[in-house]
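Trainee: Given next are the chains, with one letter for each unit.
Protein chains: 2
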Amino acid sequence: MTQTVIAYGAQSQAAAISQISIERREVTPADISIDIMYCGICHSDIHQVNNDWGGAIYPIVPGHEIIGKVTNIGNQVTKFKVGDIVGVGVMVGSCGNCGSCKDNFEQYCEQGFIGTYSSKDPKHDEITYGGYSENIVVDEKFVLHVPTNLALNAVAPLLCAGITTYSPLRNWNVKSGDTVGVIGLGGLGHMGIKLAKAMGAHVVMITSSPNKAKDAKSLGADAVIISKNSEDMQNNANKFDILLNTVPVSHDLNPYLSLLKRDGTMILVGAIEPFKAGELNGFNLIFGRKRLGGSLIGGLKETQEMLDFCGENNIIPDVEMITASEINNAYKRMLNNDVKYRFVIDFTKK
Amino acid sequence: MTQTVIAYGAQSQAAAISQISIERREVTPADISIDIMYCGICHSDIHQVNNDWGGAIYPIVPGHEIIGKVTNIGNQVTKFKVGDIVGVGVMVGSCGNCGSCKDNFEQYCEQGFIGTYSSKDPKHDEITYGGYSENIVVDEKFVLHVPTNLALNAVAPLLCAGITTYSPLRNWNVKSGDTVGVIGLGGLGHMGIKLAKAMGAHVVMITSSPNKAKDAKSLGADAVIISKNSEDMQNNANKFDILLNTVPVSHDLNPYLSLLKRDGTMILVGAIEPFKAGELNGFNLIFGRKRLGGSLIGGLKETQEMLDFCGENNIIPDVEMITASEINNAYKRMLNNDVKYRFVIDFTKK
Chain A
11 MTQTVIAYGA
21 QSQAAAISQI
31 SIERREVTPA
41 DISIDIMYCG
51 ICHSDIHQVN
61 NDWGGAIYPI
71 VPGHEIIGKV
81 TNIGNQVTKF
91 KVGDIVGVGV
101 MVGSCGNCGS
111 CKDNFEQYCE
121 QGFIGTYSSK
131 DPKHDEITYG
141 GYSENIVVDE
151 KFVLHVPTNL
161 ALNAVAPLLC
171 AGITTYSPLR
181 NWNVKSGDTV
191 GVIGLGGLGH
201 MGIKLAKAMG
211 AHVVMITSSP
221 NKAKDAKSLG
231 ADAVIISKNS
241 EDMQNNANKF
251 DILLNTVPVS
261 HDLNPYLSLL
271 KRDGTMILVG
281 AIEPFKAGEL
291 NGFNLIFGRK
301 RLGGSLIGGL
311 KETQEMLDFC
321 GENNIIPDVE
331 MITASEINNA
341 YKRMLNNDVK
351 YRFVIDFTKK
Chain B
11 MTQTVIAYGA
21 QSQAAAISQI
31 SIERREVTPA
41 DISIDIMYCG
51 ICHSDIHQVN
61 NDWGGAIYPI
71 VPGHEIIGKV
81 TNIGNQVTKF
91 KVGDIVGVGV
101 MVGSCGNCGS
111 CKDNFEQYCE
121 QGFIGTYSSK
131 DPKHDEITYG
141 GYSENIVVDE
151 KFVLHVPTNL
161 ALNAVAPLLC
171 AGITTYSPLR
181 NWNVKSGDTV
191 GVIGLGGLGH
201 MGIKLAKAMG
211 AHVVMITSSP
221 NKAKDAKSLG
231 ADAVIISKNS
241 EDMQNNANKF
251 DILLNTVPVS
261 HDLNPYLSLL
271 KRDGTMILVG
281 AIEPFKAGEL
291 NGFNLIFGRK
301 RLGGSLIGGL
311 KETQEMLDFC
321 GENNIIPDVE
331 MITASEINNA
341 YKRMLNNDVK
351 YRFVIDFTKK
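Protein sequence lines correspond, in order, to chains A and B. For what it's worth, my numbering labels the leading residue of the first sequence as 11, then goes sequentially. For what it's worth, my numbering labels the leading residue of the second sequence as 11, then goes sequentially.
No wet-lab data here; the hints were simulated from the structure. Incorrect hints may appear among the rest.
Since copy identity is lost for identical chains, a pair holds within one copy or between any two.
Claimed, not checked - Here are the simulated DSS-like cross-link-like pairs (lysine-lysine), alpha carbons at most 30 Å apart as the crow flies:
(1) 271 - 185
(2) 271 - 286
(3) 271 - 130
(4) 249 - 133
(5) 249 - 311
(6) 249 - 130
(7) 151 - 249
(8) 286 - 238
(9) 112 - 185
(10) 112 - 271
(11) 271 - 151
(12) 286 - 249
(13) 271 - 342
(14) 133 - 151
(15) 350 - 238
(16) 79 - 224
(17) 79 - 112
(18) 249 - 224
If you're wondering where the values come from, they're calculated on a predicted model, not measured in any experiment.
Next comes chain A alone, as it looks inside the complex (with noise of 0.2 Å):
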C-alpha cells in the first residue's frame, strides 16, 4: 500500500523549493522504509533543480545524502531490522548484470543508474523522488550501514561528498609518502582533505582564495597554494602524485598539471562540462606522461568501506544545520559560496 509523505520539491524549472505531496511505493520484498533524520545538500541539487543539465522531472524532489531510521522492512531483507540508523546516497538501483554491476561498481552501471531522484525507475515503474522529505522506501543494496559513533546530523554529506572524494583516493592507491593537492575548498574540496590526510598522505590545499588558507590548514591540510599566484605554483610544479580537482565547473587545467609529478595523475570528480578552448594542452600531458582521469562517486561496496572507514578515523564533514523551510534561503547561501562547507536540513524538528 503506497503511503503519502511530506516532501520539499519544486514544481517546475527555476521553482522555489515548496512543501508537497508525493507517493512512497509500499514495501516490496527486497524494500526498506526508512524515516528521514537528516538530509544533506548537494551543489548538484540546485543544478538538477533548475535542470542546468537536462532531463529533469518535475516535481522534483532534491537530496541524495540521506540518514534515517528503519520502520519497516520487506520479508526479504536480510542486512537490516527496524530501527537500524542507515544511508543512502546518489543511487537506488542499477541494472545488476553488466560488467560494472558485478564489479561492485555500480555507479558505472552500463545501462545507467537509477538516481535517488528525478530518475526513472523501471523495475518499480516509478519516478524516484530523493531525501528532502520525510520517509523513502528504497532496496536494501542501495541502503547502507552507519558508524553509531559519529554525530549523526553531520554523516549525511559522506553518501555524496565523501563517497566522491574517497573512491578517487582510494583507486588510486593514495598512501603515506604521496603527495595529494585538493583544488578547491568546497564540500567535496573539504571532504578531500580530511580523508587523504587520514590516508598518511602529504596534503596540499590549492585555491584561488588567500583567505581559505586559515580554513584549509585547520581542516588538515599540511600546506597551501594560491592558484592565481604564478611564483607560487611555479615553486610547486613537479610535486604531486595526484590532484583531486574538485572545482564544480570547466576551467583551465594547464596550470595544474603543470604541478604534477611524472606519471602524476589529476582527477577530475567536480567539472562535468564541455572544456573550453585552450582549457587543455595535449603538451601539458605528452611532456611527463601525465594524466587526467575522472571519477563518479563510488559502488555501494565501497560506500560502506567509506563510511566504516570514517567512522574508525572519526571523520565527518563541516556542517550546518538547518529547517526544511530554510531550502531557499541555503541554496541561495551556496550560489554565493555562503556555507562551510554543506547545509543538512533536520527532519527530526517538525
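Take the given structure of chain A and dock chain B to it, following the hints.
Mentor: Only chain B this time, still in chain A's reference frame:
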C-alpha cells in the same frame, strides 16, 4: 679537430631544404663519430623547419631517425667499436642528474633534453644539427645498437615513430587479451598496429578514411572502425582497454573516449596543441572513470629494448626510399598524406 660535412637544411623559416656545409665537433672522449647511411623524415621535421612550434634555430638541419656506421670513437667509449651499425634518435643529451634521467626516462629530463637538431647543447657549446647529413658526432650514451637481422634502410623510423608507439604500449602494460585501438594511420599509426599486434593484443585501426581499411588489415589490424560512421562507433562503445591516439593535430576527443572500457586510457602521442572548445568533456572521463594520458618518445634504455624487440619479432616500418635531392618533394607529399608510411633518405647513394 672539427670536420666540415655536407648537410641538407633550411637557412630560414619557410625556406626550401638545400645542401649546406656544417661543422661537426671533434670527437671528445665519450663521443662516437657516425657516417650516416639512412635518415627517416618525421612529420615534426616539417613543423620545425617552418617554426610552427617556435624556437627553431636557423640554419636548421632536421633528422632524428638516424642509422649509420661508426667511424671513430673517443678514448672513453666502451659500448661501441669502429664498424658497428648504430642508431641515433630524437635526443643527443640530457642533464643526467634529475629523477627522470636517473630513472632512465631521459625524454622527461627536468632540465629539458637536448634535441638531435635545432637545440642548444651547453655541454659542447654548440647548436645541434640533425641527420640530414653525411656524418654526426654523438655522446655514446645516446647511441643505440641496431639488430643486424633487420633491413637497415627501413630501421631508421624506429628511432622516433617506433619508440613513440612502443613506449606507451609497454608503459600501459599491453598484453595478450587486451583490445588496443590505434587512432590514425600514418607513420606512428602503422607502427602502433605492428607493435601492439606483436605484444599479443587484439588490434583495431580507427580511421576517418574508409580507403585505409585494407591497408590497415594488411599491416596486421584485426579489425577497422571508420570514425565518421556513428553506427560503427556506437557498436564499439566500451570495448577498448587502450587507445593510442596518433592524430597529429588537436581534434574532438569525446567520440573516442566513448570507445574505452571502464578504467580504460586514451594516450595522446600526436596532438600537442591546445585543444579547442568542446574537444574534451569532463562527463566522458567521470562516467566510466576513464583516463587521458600522454607519452613522449622513450628513454634510451627502452629505445634499446624496442630495437631488440623489433629484431626478435622481425618488425620494420614500411618505407619509401629517396635521395637527399628529393627531400622538398617528399615534404610536399607528406603534407598531402601521400606516403606509406615513412620516407627515408638514403645517404649511401651520393
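Trainee: So, for every hint listed, does it hold in this structure?
Mentor: Verification of the hints:
no.	hint	verdict
1	271 - 185	both (16 Å within a copy, 26 Å between copies)
2	271 - 286	both (25 Å within a copy, 25 Å between copies)
3	271 - 130	between (43 Å within a copy, 25 Å between copies)
4	249 - 133	between (48 Å within a copy, 27 Å between copies)
5	249 - 311	between (32 Å within a copy, 25 Å between copies)
6	249 - 130	between (45 Å within a copy, 27 Å between copies)
7	151 - 249	between (41 Å within a copy, 28 Å between copies)
8	286 - 238	both (19 Å within a copy, 23 Å between copies)
9	112 - 185	both (27 Å within a copy, 24 Å between copies)
10	112 - 271	between (34 Å within a copy, 15 Å between copies)
11	271 - 151	between (40 Å within a copy, 25 Å between copies)
12	286 - 249	both (26 Å within a copy, 28 Å between copies)
13	271 - 342	neither (39 Å within a copy, 39 Å between copies)
14	133 - 151	within (14 Å within a copy, 65 Å between copies)
15	350 - 238	within (22 Å within a copy, 48 Å between copies)
16	79 - 224	neither (37 Å within a copy, 64 Å between copies)
17	79 - 112	within (28 Å within a copy, 58 Å between copies)
18	249 - 224	within (22 Å within a copy, 47 Å between copies)
Hints 13, 16 from the list above are not met by this structure, while the remaining hints are.
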